[in-house]
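Same order as they appear, the protein sequences are chains R and U. FYI, the numbering for the first sequence is 1 to 434, going by UniProt numbering. FYI, the numbering for the second sequence is 1 to 434, going by UniProt numbering.
If you're looking for bench data, these hints aren't it; they were derived computationally from the structure. Quantities reported herein were computed from a predicted structural model and do not represent experimental measurements. A hint or two may mislead.
Which copy is meant is left open, so a pair is good if it fits within one copy or across any two.
Stated by the list, open to error - Pairs of lysine to aspartate or glutamate residues, derived as EDC-like cross-links and limited to a Cα-Cα distance of at most 16 Å, are as follows:
1. 160 to 181
2. 175 to 374
3. 160 to 210
4. 160 to 127
2 protein chains.
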Amino acid sequence: MAVTDIATRAYNHNFRLDPIVRSLLDTDFYKLLMLQMIWREHADVRATFSLINRSQTVRLADIIDEEELRTQLDYARTLRFTNKELIWLAGNSFYGKQQMFKPDFMAWLADFRLPEYELRKADGQYELHFDGPWTHTTMWEIPALAIINELRSRASLQNKGRFALDVLYARAKAKLWEKVERLRAFPDLVISDFGTRRRHGFLWQRWCVEALKEGLGERFIGTSNVLLAMDADLEAIGTNAHELPMVEAALSDNDAELAEAPYRVLEEWRQHYGGNLLIALPDAYGTAAFLEHAPSWLANWTGFRPDSAPPVEAGEQIMRWWEEQGRDPKQKLLIFSDGLDVDTIERIYHHFHGRVRMSFGWGTNLTNDFRDCEPDGEAGLEPISLVCKVTEANGRPAVKLSDNPAKATGDPQEIARYLRIFGETGHVLSPLSV
Amino acid sequence: MAVTDIATRAYNHNFRLDPIVRSLLDTDFYKLLMLQMIWREHADVRATFSLINRSQTVRLADIIDEEELRTQLDYARTLRFTNKELIWLAGNSFYGKQQMFKPDFMAWLADFRLPEYELRKADGQYELHFDGPWTHTTMWEIPALAIINELRSRASLQNKGRFALDVLYARAKAKLWEKVERLRAFPDLVISDFGTRRRHGFLWQRWCVEALKEGLGERFIGTSNVLLAMDADLEAIGTNAHELPMVEAALSDNDAELAEAPYRVLEEWRQHYGGNLLIALPDAYGTAAFLEHAPSWLANWTGFRPDSAPPVEAGEQIMRWWEEQGRDPKQKLLIFSDGLDVDTIERIYHHFHGRVRMSFGWGTNLTNDFRDCEPDGEAGLEPISLVCKVTEANGRPAVKLSDNPAKATGDPQEIARYLRIFGETGHVLSPLSV
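Produce the complete structure using the sequences and hints provided.
Following this line, the structure appears as structure tokens:
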């Protein structure tokens with residue numbers, strides 16, 4: 001008995017747009033945590049976010065149709081938080097805490113919409129800028145990246161047959177499940193999905209997240225994607241990102257203030273959040289420099305999220321710092337989230353097992369690994385190193401150095417100034433995979 | 001917009017049975033061709049068909065619930081050819097010929113239903129017999145096999161999670177597609193689906209057939225499954241099977257008549273069918289013996305379907321025979337259909353390419369290859385060597401020798417008599433894979 005739903009069919013006939021971002025919750029959880037703090041502390045700051053394609057050989061403007069991109073961005077701008085979403089945000093507990101988002105912030109959120117964007121083509125790439133109050137432009141980062149990545153996926157799948165497509169996804173499923181089977185070997189693994197921004201597509205991310213939920217059981221602690229956390233009844237995972245020290249640094253009036261910026265941000269963070277949200281991101285201007293001048297109260301925090309440095313070295317460095325501060329690393333948490341895949345997760349897991357608590361935020365290689373899945377062997381599905389970074393705050397250039405010079409962003413003269421102030425200890429150039 | 005079809009949902013709530021065989025067309029095309037001849041020439045013959053599980057270590061009665069099996073068999077007995085099906089059979093052209101099925105036969109078919117069955121358990125196996133007019137019992141072969149094979153698949157999938165199941169099929173799809181990609185390398189390949197009887201399940205066979213249609217294009221000439229041929233607008237493929245010489249042999253009154261039986265059957269066949277349906281199956285009592293005494297008019301036929309003998313040797317033997325008869329093998333057709341997979345297809349293709357026309361009937365390894373696809377590595381999905389053979393005709397034992405003694409069926413004393421008459425030249429014992 002094949003009953004055709006006539007309404008669905010009629011709707012499909014009228015099909016005009018398959019929106020990529022369909023909810024303002026389809027973003028990373030840390031965006032909302034940061035937003036609440038930005039809204040309360042820095043409502044007057046203007047910040048520009050800009051798209052940066054570090055994979056220059058992939059000429060996005062030749063692949064993605066400009067009209068389609070505008071239509072998707074415009075559609076995202078029509079979105080509001082729905083009542084259900086607001087009630088869930090207000091009523092759900094996050095990281096074991098009720099009322100993470102305060103009523104006045106929730107009231108403000110109810111009117112939120114994504115601000116305007118500036119888009120133009122240059123040299124086969126898109127120049128995409130979001131300029132406006134930091135409280136608004138910050139919210140473009142994840143949807144903008146998700147839209148561009150998914151439009152690129154769609155473009156590369158455009159002329160495939162029905163079964164070629166079916167087999168493509170079949171292969172990707174089999175591939176992911178092999179990873180799940182390998183990860184199952186680690187009974188006390190703690191892992192979550194961090195793959196929203198670089199995902200192949202929303203539906204694929206959802207499949208991956210639900211597959212991990214079934215396949216990894218307790219090892220899978222949740223997802224950074226707020227919408228998927230709500231829909232799949234998972235924990236929303238995330239803390240804070242580089243944009244906080246970057247804006248704080250950009251707003252510094254002199255070199256001394258700049259040197260203190262990474263710690264001022266954390267000072268502010270601990271006014272708003274506690275417990276397992278007290279995770280420091282040490283690499284904005286180099287992990288070594290950060291730890292060298294870190295205040296002793298930071299040793300009370302739950303842990304660190306080493307990001308751009310080689311993970312084993314960065315972890316060891318942080319553990320040494322805890323020991324110097326008289327803390328037992330076994331009580332502390334390291335969150336790894338930079339370009340992870342099963343091999344690196346295994347290596348890190350074995351290296352640190354029993355010496356420190358660990359958690360893994362698995363991103364691009366979870367939600368966008370179609371390598372060798374293309375039946376016809378065509379290119380276009382390999383993930384690219386696309387980011388959307390804050391480039392200016394109140395008209396001043398924003399800079400990120402990171403532990404890997406390949407990840408540095410900002411005006412070269414400013415980068416030079418920052419390098420003078422923070423030093424280059426421990427900076428290691430590594431090729432960017434994702 | 002996720003519109004739920006309420007009627008479908010309500011139907012699912014009332015779900016009692018997921019029938020395996022839902023149409024009398026869900027059978028092999030040669031069954032209908034043979035049936036028309038049996039109906040016209042042997043309407044008075046009684047024939048018993050019996051299930052034979054040559055994979056004795058697989059205890060089917062421990063795996064498949066008897067009630068479920070009875071329910072499926074009973075459901076199949078409720079089926080009639082529908083008007084649409086009858087109209088299509090009458091109106092479609094098969095092998096380029098209109099009205100393959102004559103009006104009087106079609107009128108008879110309109111009332112057809114599957115006859116009763118006898119089922120009991122013994123030693124962990126099912127004894128399943130179909131006794132009655134040959135015109136009716138013959139039609140049980142394919143649905144009975146399809147039902148048992150699919151019930152076994154369902155049993156082994158019973159306790160799997162949603163994503164484990166999804167990945168299982170994903171792997172099987174990827175596996176099949178790799179075969180498709182390899183087969184694409186042969187531009188003048190001619191291949192069809194012969195996998196109904198041993199299929200993993202109906203929906204899986206449908207996927208495989210439609211995938212081959214997309215993936216192999218012109219190389220894929222059709223399917224032996226009449227229902228899928230109708231639904232997917234493919235050619236229905238098939239000619240005749242061992243039951244014809246087996247019954248003819250069983251009905252022989254003396255050794256001299258028995259020795260002639262294999263040729264009498266073909267004599268009869270050519271009264272009914274012509275062109276590309278003139279394909280001889282030479283191995284019922286040994287290919288060597290068959291060719292040694294074959295009448296010269298058989299050299300006018302389109303080709304042979306060597307079955308139980310090693311394919312290269314059997315093909316060479318048949319080609320020698322054509323040459324002895326003064327015919328050019330390049331004008332003749334060899335149809336290979338015994339336990340094929342891509343490796344064997346490639347080997348046979350390369351061996352005979354340019355020397356004879358070839359066609360491949362791909363069965364079990366097309367529609368039931370889940371080896372290494374089980375996420376949890378459990379057994380139960382490997383195909384088994386299950387057949388449903390004619391065992392008696394008008395109360396006399398039926399015998400098949402074939403070129404491979406492992407495939408011989410029948411009463412041991414009768415087998416000895418047949419061996420005395422036909423000889424054992426060229427009989428080679430080979431392990432049965434499927």
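Here is how each hint holds up against the structure:
Within a single copy, residue 160 and residue 181 get their C-alpha atoms only as close as 30 Å, which misses the 16 Å cut-off; across copies the closest is 15 Å, which meets it. For a Cα distance limit of 16 Å, the shortest separation of residue 175 from residue 374 qualifies both inside one copy, at 12 Å, and across copies, at 13 Å. When the C-alpha separation of residue 160 and residue 210 is checked against a cutoff of 16 Å, the pair qualifies only between copies, where the shortest distance is 15 Å, while the shortest distance within a copy is 26 Å. Proximity of residue 160 and residue 127 under a CA criterion of 16 Å is satisfied in neither setting, with 29 Å inside one chain copy and 48 Å between copies.
Checked against the numbered hints given earlier, this structure breaks only hint 4.
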